Amino acid sequence: MRVAVDWFALTPVLAPALGALLVLVIDAISPRARMPHLGVALVALGAGVAVAGYGATRAEPLRSLCLEAPEGACLYAADRMAGVLQMCALVAAAVVLLMLVGDTWRTGAGDPLRGGPAVSAALVLAATAGATAVVAAQDLGTWLVGLELATLPMIALVALAARREALHGALTLLVTSVLSFALLALGVALWVIATGSSTFATSGLRDAWRVPEERLVLVAAVLVLLAGLGFKLSLVPFHAWTPTTYAGAAVPITLALATVSKIAALGALVTVVRALSSVVQAPSATGVVVALAGLALISMLLGNLIALRQVDPVRLLAWSAVGQAGWVVLPLVALTPAGTVAAAGYLAAYVIATAVAFIVVHLVHGPVGAGVPGRARELSHTAGLARNHLVLGSLLILALLSLAGLPPGVIGLVAKIAALQPVATPDLWPVAALAVVGAVLGVAVYLRWVTMLLAAGRSGGPLQRMPGSRLALLIGGVALVVTSVLPALVFR
Amino acid sequence: MTLLAAIAVPIVVGLWLVLAGRQLPRTSAWSVGMVAALATLGLLVAALVTDSAFDREWVGVLGLRLALGVDGISAPLLVLTAAIGVLVVLLARSNLPTGGSPSLYLGAVLMATGGAFATFAARDAILFFVAFELVLIPVWLLIHRFGDPHDAAARKDAGLRFILFTVSGSVLMLIGILVLVGSAGTSHFDVLVDAGAALPLGTQTLVAALLVTGLAVKVPVFPLHTWLPAAHATAPTGGSVILAAILLKMGTYGLVRLPIASVPDGFARVAPTLAVLGTIGIIWAGLVCLVENDAKRLIAYSSIAHMGFVVLGLASGTVVGLQAALIGNIAHGVISALLFVVIGGLKDRWGAVRFDAPLPALREHAPRLGFVLILGLAAGLGLPGLAAFWGELFAVYGAWTSGLGPGLLLRVCAAVAALGAVLAAAYALRVGRLLWVGEAQTPVEPTAPTETSGAERLVLAALVVATVTIGLVPHVVWSVTSADASALLAGVLGR
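From first to last, the protein sequence lines are chains W and B.
Mind the numbering: the first sequence is residues 1 to 492 in the numbering used here, read in order.
Mind the numbering: the second sequence is residues 1 to 495 in the numbering used here, read in order.
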């Protein structure tokens, strides 16, 4: 069997993977090098962004790994939505590396992670390659491998901070990931049993959907996959690892968990839902709809409710991630292609805003070296930020308002509209109406923090020199402002 | 393009003032704000004269277009918004609230005005929602930062209550809009008029119920009104004026534009409930006004009563009722602005205006201010010759002649609402007796001069002129609205 490979189309996956290898080679040749790693990684990510961006503007998907006719199926196909998600993942990875490695540039600051820049860069790049692969994967094998590739390096990255909380967080994440993998493997197996095919192609799926027994297996497969992905997306009741791991890891790694990992998880879920949406018109998949709606609404309510009481900004963002995961899944409830596009757009908007929030928290809190017990983080440390550091304060306020879905954070508002649109139908409107409670709770969560930022406070100390994080903030801030003016860049 | 500029100027200048203008001295910040407000007014007039419209795709996937335009229903509200914007900035010349830099205050005022502008000019249902939300944060800032300097907890509470109530309302409205847009297949108001009316009755009723519930929070309609008194009591004078004269109008305008225009049959089924709630609001708020001791809260409750008349007019489903609601909207905007400037100014001077504490007699210490107060109260109780008269009279008449609802329900509402007008007279006289005549327990001498002067006097003069003009020549408004109002209701009346 011959497989036609379009190497160019694969760049968003191959560039970070090759970058990871190259970083390790450079490290073997010159163990003392620091900035070359960053340079190589950024070039690799940049190449990926360029091709993913090209894919996001094309009407036709970028395909690769295509089988010969008569099957003709492609194992890799990145449509516009996938292109946007890949771009987000790649840029987020660049931001993470700037914060991890860039901050040590001419500042004498210690490495935030054990193992130095080479290990950090290689792991981040590997995870990114996994994320970009899973977003475009069209067969179960690539899908599962990509998903795990996106997860496993993260566990190591969390652990490498080598603080007690970090190890605890890494252990929690490890247990969760193993459990999640078991469920995913089971789900994949059930899928193969039901459809008789190891791809997400619709032909086998359609046949399976017509036969009641096979439909049952298929629904079971989807529910098990949903549970497995629920862990990765931090949906209630699979969310318990999130606050522990988020708060334990170094902030740049938390940012990676909140962006790259989430993109991988949602990309995976979207692939499943999109495949399912092409066949479920009759009979409808009530079980899947109820499961998705339940997960979305409970996550939204519980996540925001608990976020209301947090004092550590990272824990607040962690619980808000649980709430936002509910919003990401909400449009999928409709089981339509439009719903998957809305979910991806919502996630992209969330990723941009939450990245800016994490970068500002990192800048205010200052760098922490590996193994150094960190200063306690408190929301009150950011009090008065809007008065004392105009740029930091304004960007954090914009990010929080965007997460809350209030203008001037227009991108967040448009994302909320997009997320509600697929479920605002005469059949599903009660789901949307319940989401109103989630929206209001979310506003309360973020406004509480905004209130502190606007108040008088003592956050006026001079910022430490963190060139990498500053550049990262510039990237994130520009993305946030530009997409707020032109939301069509994300919603395409 | 002119219309787009009229929206962009206040928003961009406002943002600039908030972000970059913190170091600006008071006079320069004020001058920038004033120039922007006047430019907005000028651009609006130009847009009205040239019949400016704008339409461009914004977010294709959502079907969200930057579609802007003016018609007879939005034009009076746009003029009101621009004029109130100028007056609030003018008022800041003499009465600048503390709590932040002058540029932050003026920036928030301008952004709120710009957001309201976008709301009234939007011709796309989803854009309408986006613009609707644009106003929230600036107004929250006004309440939260510049509110009553004596009571930080009340400010925080009022601000949060304002934003949470209105967000829950607006998201419900958004769901209604999305169901409507999804079912009708378009989000442009001009097309929705026909496409919405063609929907099955069940969908229409669902959409109308969602939209009316969501918008009722903003209007506000009893029992969703509880955020308004708190917000008014703590907001600075300028903030109260914006709340009463601009924000509440967004709710009633939304009712006209969305449920009444787009899903007439569905609205007809919801309307009786709305009429009953509006009527309860009139009586409830009137009764509260008889005992409320905080002057600003009292004016806030009287706002709820006035909006009850507007809602009753809308719910009657008649052209007369709709016309009454449209002019009642404008009249309430002008009168409540006038009363809030008077009472807010007194609060700035005296620290508090409470009827259970000794008060100086306004007629002795500040005859001019006293005259304006009496005029505002007289207008508020619906005296002929002043602005509110037409709205209340014809709202009651519209409800009386309406064919909607079971049996005599709307006639009962009309009769009860007329009783509410008697309550209005009672509480207006109460305020007049206590504040103007000075019949409080122990009359006192004010510690500082009370008489109005400077910018405040100019603002009050403008509002007095508007109150009398609308009262004597209601055709100023009606001539603009009548054609479009009749066309809008053709759908309801045709059946």
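Derived from the structure by calculation, the hints contain no laboratory data.
Given the structure is predicted, the values throughout are model-derived calculations rather than measurements.
By construction, the Cβ of each residue, glycine as well, lies at the ideal position given by its N, Cα and C atoms.
Some hints could be false.
To be verified - Restraint ranges, calculated between C-beta atoms of paired labels, are given here:
#1 W:Leu434 - B:Pro367: 56 to 64 Å
#2 W:Leu186 - B:Ala20: 40 to 48 Å
#3 B:Glu57 - W:Val311: 41 to 49 Å
#4 B:Val468 - W:Val482: 44 to 52 Å
#5 W:Leu434 - B:Ala461: 45 to 53 Å
#6 B:Gly202 - W:Gly46: 25 to 33 Å
Said to hold, decoys possible - Residues from chain B that keep clear of chain W, each with C-beta distances beyond 10 Å, as calculated:
#7 Phe54
#8 Glu57
#9 Leu96
#10 Leu164
As the list claims (entries may be wrong) - Partial list, derived from the structure: chain W residues whose beta carbon lies under 7 Å from chain B:
#11 Ala220
#12 Val414
#13 Gln421
#14 Ala439
#15 Ala488
Taking the shortest Cβ-to-Cβ distance between B:Phe54 and chain W, state whether it exceeds 10 Å.
-> holds, 16 Å
Is it correct that the beta-carbon of B:Glu57 has no partner in chain W closer than or equal to 10 Å?
-> violated, 8 Å
With respect to the beta-carbon atoms only, verify the hint that W:Leu434 and B:Pro367 lie 56 to 64 Å apart.
-> holds, 57 Å
Least C-beta distance between B:Leu164 and chain W, which was stated to exceed 10 Å = Label violated. Min Cβ-Cβ 5 Å, cutoff 10 Å.
Restraint satisfaction for W:Ala220 [CB to CB of chain B, less than 7 Å] = violated, 31 Å
Interface hint compliance - W:Ala439 to chain B, C-beta minimum distance less than 7 Å = For W:Ala439, the interface hint holds, since the closest Cβ of chain B sits about 5 Å away, which is under 7 Å.
B:Leu96 and chain W, when compared Cβ to Cβ, separated by more than 10 Å = Fine: 18 Å to the nearest Cβ keeps B:Leu96 off the interface.
Classify the hint on W:Val414 as holds or violated, based on whether any CB of chain B lies nearer than 7 Å to its CB.
-> This interface hint holds because 6 Å falls under the 7 Å limit.
Does the Cβ pair W:Leu186, B:Ala20 satisfy 40 to 48 Å?
-> Once the Cβ atoms are compared, 57 Å apart, the range 40 to 48 Å for B:Ala20 and W:Leu186 is violated.
Cβ distance range 25 to 33 Å for B:Gly202 and W:Gly46, holds or violated | Because 54 Å falls outside the window, the suggested range is violated.
Would you check whether W:Gln421 satisfies its interface hint, that is, whether its CB is within less than 7 Å of any CB in chain B?
-> Since the shortest Cβ distance to chain B is 5 Å, the answer is holds.
Does the nearest C-beta of chain B fall within a distance shorter than 7 Å of the C-beta of W:Ala488?
-> OK, holds: W:Ala488 within 7 Å of chain B, min 5 Å.
Of the hints listed earlier, those the structure fails to meet are numbers 2, 6, 8, 10 and 11, in rising order.
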